[in-house]
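*Asks:* Model the full assembly from the supplied sequences, consistent with the hints where possible.
Now for the letters of each chain:
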Amino acid sequence: MELYEKSAYELSGMLREKKCSAKEIAQSVFDRIDAVEDKTQAYITLTREIAMEQAGAVDEKLAKGEQLHPLAGIPMAVKDNICTKDVLTTCASKMLYNFVPPYDATVMEKLNACGTVMLGKTNLDEFAMGSSCERSYFKKTHNPRNLDYVPGGSSGGSAAAVAAGEAVIALGSDTGGSIRQPASYCGLVGLKPTYGSVSRYGLVAFGSSLDQIGPFARTVKDAAMLYQVLCGRDPRDATSSKRERPDFVAALDGNVKGLRIGIPVEYFGPGVDDVVKKAVFAAVDQLKAAGATVKEVSLPSTDYALSAYYIISSAEASSNLARFDGVKYGYRAPKFDGLIDMYERTRSEGFGDEVKRRIMLGTFVLSSGYYDAYYKRAKLLQHQIADEFAHCFEDCDLLITPTAPGTAFKLGENVDDPLKMYAADICTIGVNIAGLPGLSIPCAYTENNLPIGMQLIGPKFSEDLLLKVGDCFETIYGGFNTVAKI
Amino acid sequence: MKIDIRHVAKLARLRIEEDRIEKFEEEMLSIIDMVENLPPISGAGKDLDPSNPMELRKDIPTPSLKREEVLKNAPVSQSGCLVVPKTVD
Chain A
0 MELYEKSAYE LSGMLREKKC SAKEIAQSVF DRIDAVEDKT QAYITLTREI AMEQAGAVDE
60 KLAKGEQLHP LAGIPMAVKD NICTKDVLTT CASKMLYNFV PPYDATVMEK LNACGTVMLG
120 KTNLDEFAMG SSCERSYFKK THNPRNLDYV PGGSSGGSAA AVAAGEAVIA LGSDTGGSIR
180 QPASYCGLVG LKPTYGSVSR YGLVAFGSSL DQIGPFARTV KDAAMLYQVL CGRDPRDATS
240 SKRERPDFVA ALDGNVKGLR IGIPVEYFGP GVDDVVKKAV FAAVDQLKAA GATVKEVSLP
300 STDYALSAYY IISSAEASSN LARFDGVKYG YRAPKFDGLI DMYERTRSEG FGDEVKRRIM
360 LGTFVLSSGY YDAYYKRAKL LQHQIADEFA HCFEDCDLLI TPTAPGTAFK LGENVDDPLK
420 MYAADICTIG VNIAGLPGLS IPCAYTENNL PIGMQLIGPK FSEDLLLKVG DCFETIYGGF
480 NTVAKI
Chain B
0 MKIDIRHVAK LARLRIEEDR IEKFEEEMLS IIDMVENLPP ISGAGKDLDP SNPMELRKDI
60 PTPSLKREEV LKNAPVSQSG CLVVPKTVD
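Taken in order, these protein sequences are the chains called A and B. So in numbering that gives the first Met the number 0, spot 274 of the first sequence is number 273, and the numbers just go up one at a time. So in numbering that gives the first Met the number 0, spot 18 of the second sequence is number 17, and the numbers just go up one at a time.
These are calculated hints, taken from the structure and not from any lab test. The structure displayed is predicted, hence computed values, not measured ones. Built from N, CA and C at the ideal position, the CB exists for glycine as well. Worth double-checking, as some hints may not be accurate.
[To be verified] With the C-beta cut set under 8 Å, the calculated list includes, among others, these residues of chain A facing chain B:
#1 99
#2 102
#3 267
#4 306
#5 310
#6 318
#7 319
#8 322
#9 343
#10 347
#11 359
#12 362
#13 370
#14 379
#15 380
*Replies:* Below is the structure:
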């Protein structure tokens with residue numbers, strides 16, 4: 000087994016036992032990148048020099064006998080909508096094709112302090128708006144499990160990198176499913192944390208009341224290790240929580256005896272493929288055999304969640320993306336006649352169609368005469384959806400659903416049909432709307448080698464429980480850590 | 000229902016090419032159709048999340064980014080200022 004195929008947990012142990020150096024680990028991953036990146040197209044920017052420098056610093060610490068953080072020396076990919084000081088951060092948009100942030104996102108400050116090794120910045124749907132990674136200004140990423148298929152989105156580059164062995168762990172962001180759906184499509188573990196548990200400072204904003212940064216990994220334990228570093232209060236994000244967090248790795252005790260699992264019937268409706276339902280039910284049966292109890296529950300407003308999501312997220316996006324005006328940073332149209340013309344040309348030339356569509360939708364639902372009919376109603380519905388989840392958690396510890404209604408689709412298959420593309424998010428958006436944590440883990444593969452993901456949903460700040468149950472299932476499954484054969 | 004795409008685009012400071020207005024309107028209408036189905040909901044909204052009250056930092060000046068660092072990303076700057084087209088006649 001090559002170093003790039005190992006989990007962060009294994010590599011961390013090997014570093015301490017001096018079985019390999021951080022530079023050797025980084026080199027192994029870059030060799031893999033050199034071998035497969037032209038097929039996967041996971042990265043927008045590679046940061047080899049930074050990575051080797053960071054790895055060298057870890058090796059020096061090790062040589063001096065200094066204490067290392069468990070993630071020290073672990074090669075990591077970063078979604079290109081997370082600000083990295085002095086490293087290009089494009090959001091996969093022409094609008095930010097040349098943007099070099101003068102500061103690090105809080106999560107990057109934390110990870111740099113741990114000694115993680117940054118491999119590069121990964122592809123995404125422009126400004127994280129999309130479900131296939133085909134809406135990037137720069138390139139289309141391919142699913143490493145089957146290169147004819149999309150990796151999912153919007154964090155498709157991060158997911159593809161980890162699945163292909165081009166990174167050991169990665170950061171993504173999730174506004175409506177952008178971590179969990181690509182994790183599902185690529186056969187990975189992906190966690191969308193509780194709203195407010197991870198600082199959003201330095202994450203380029205899309206839907207501020209829904210966005211969260213979270214981890215991708217090939218094992219639950221690796222996701223727990225990364226999440227441990229990400230979470231916590233940050234004074235620069237007023238919505239970040241002060242709550243004390245447990246030791247997430249220590250919580251992985253493999254025990255699900257007495258666990259009460261709820262199965263929301265609305266998530267297994269006619270829009271969900273039979274192969275997906277069958278795989279998720281089989282996984283639930285295995286947890287049942289391990290001592291969990293299972294009951295059906297209902298989330299009656301599920302059908303409306305997609306509408307509420309597109310209203311709220313587009314409204315917030317239209318406001319957040321108003322900052323891109325060709326004045327302070329990023330693209331400016333080369334020719335214009337006056338200030339307003341400069342704004343209009345810059346924005347029309349700088350944004351892609353999907354981004355324009357959402358800005359327009361958001362502008363429309365917030366405009367005079369329509370606000371009450373759309374935005375206000377969607378916000379009220381948001382409370383109703385959150386209340387329905389809370390009601391389920393009165394007698395269930397967590398809920399299990401499919402992560403996506405189907406497996407990955409082929410490149411180009413849905414790209415011209417926004418509604419079909421939006422439908423890929425129906426199982427994940429409820430979690431964002433209600434501000435809950437959601438963990439996607441693999442539970443089966445189809446004949447085409449396409450992974451099927453299962454989603455664990457818990458009450459707010461129950462990441463320890465989700466990771467524990469995910470880890471228990473990983474043991475039952477026989478381990479998740481497989482790198483795609485390319 | 001009709002959406003005045005030109006008006007919405009103007010509000011959003013976007014320009015949609017004339018030959019694409021129809022396609023945009025079609026796509027926007029299909030999304031609006033989808034969101035039209037929201038059920039009637041009454042009741043006062045709960046604006047704040049009681050489990051996670053927001054807390055702003057104290058209003059005390061702290062070190063910020065340096066001017067030259069900020070201006071590095073500006074499309075056009077001059078003498079430490081951002082340059083924009085003439086706005087007042």
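*Asks:* Each hint needs a verdict: does it hold in this structure or not?
*Replies:* Status of the hints after comparison with the structure:
With a least beta-carbon distance of about 6 Å to chain B, the hint placing residue 99 of chain A at the interface is held under the 8 Å criterion. Of the supplied interface hints, the one on residue 102 of chain A holds, with its beta-carbon coming within about 7 Å of a beta-carbon of chain B, less than 8 Å. Checking residue 267 of chain A against chain B: minimum C-beta separation of about 21 Å lies over 8 Å; hint violated. Checking residue 306 of chain A against chain B by beta carbon gives a least distance of about 4 Å; that is within 8 Å, so the hint holds.
With a cut of 8 Å, the hint placing residue 310 of chain A at the interface with chain B holds, because the nearest CB-to-CB distance is about 6 Å. Annotation: residue 318 of chain A was flagged as interfacial toward chain B, and the flag is violated, the nearest CB pair being 10 Å apart, outside 8 Å. With a least beta-carbon distance of about 12 Å to chain B, the hint placing residue 319 of chain A at the interface is violated under the 8 Å criterion. Look at residue 322 of chain A: its Cβ only gets to about 11 Å from chain B, farther than 8 Å, so that hint breaks.
Hint status for residue 343 of chain A: holds, given a least beta-carbon distance of 5 Å to chain B, under 8 Å. At a threshold of 8 Å, the smallest CB-CB gap from residue 347 of chain A to chain B is about 4 Å, leaving the interface hint in force. Nearest Cβ of chain B to the Cβ of residue 359 of chain A: about 5 Å, under the 8 Å cut. The hint holds. Hint on residue 362 of chain A holds. Least Cβ distance to chain B is approximately 4 Å, under the 8 Å limit.
At a threshold of 8 Å, the smallest CB-CB gap from residue 370 of chain A to chain B is about 13 Å, leaving the interface hint violated. A hinted interface residue such as residue 379 of chain A counts as satisfied when its beta carbon comes closer than 8 Å to some beta carbon of chain B; here the least separation is about 4 Å, so the hint holds. For the restraint placing residue 380 of chain A at the interface with chain B, the shortest Cβ-Cβ distance is roughly 6 Å, inside the 8 Å limit, so the hint holds.
Hint check: violations occur at hints 3, 6, 7, 8, 13; the rest are consistent with the structure.
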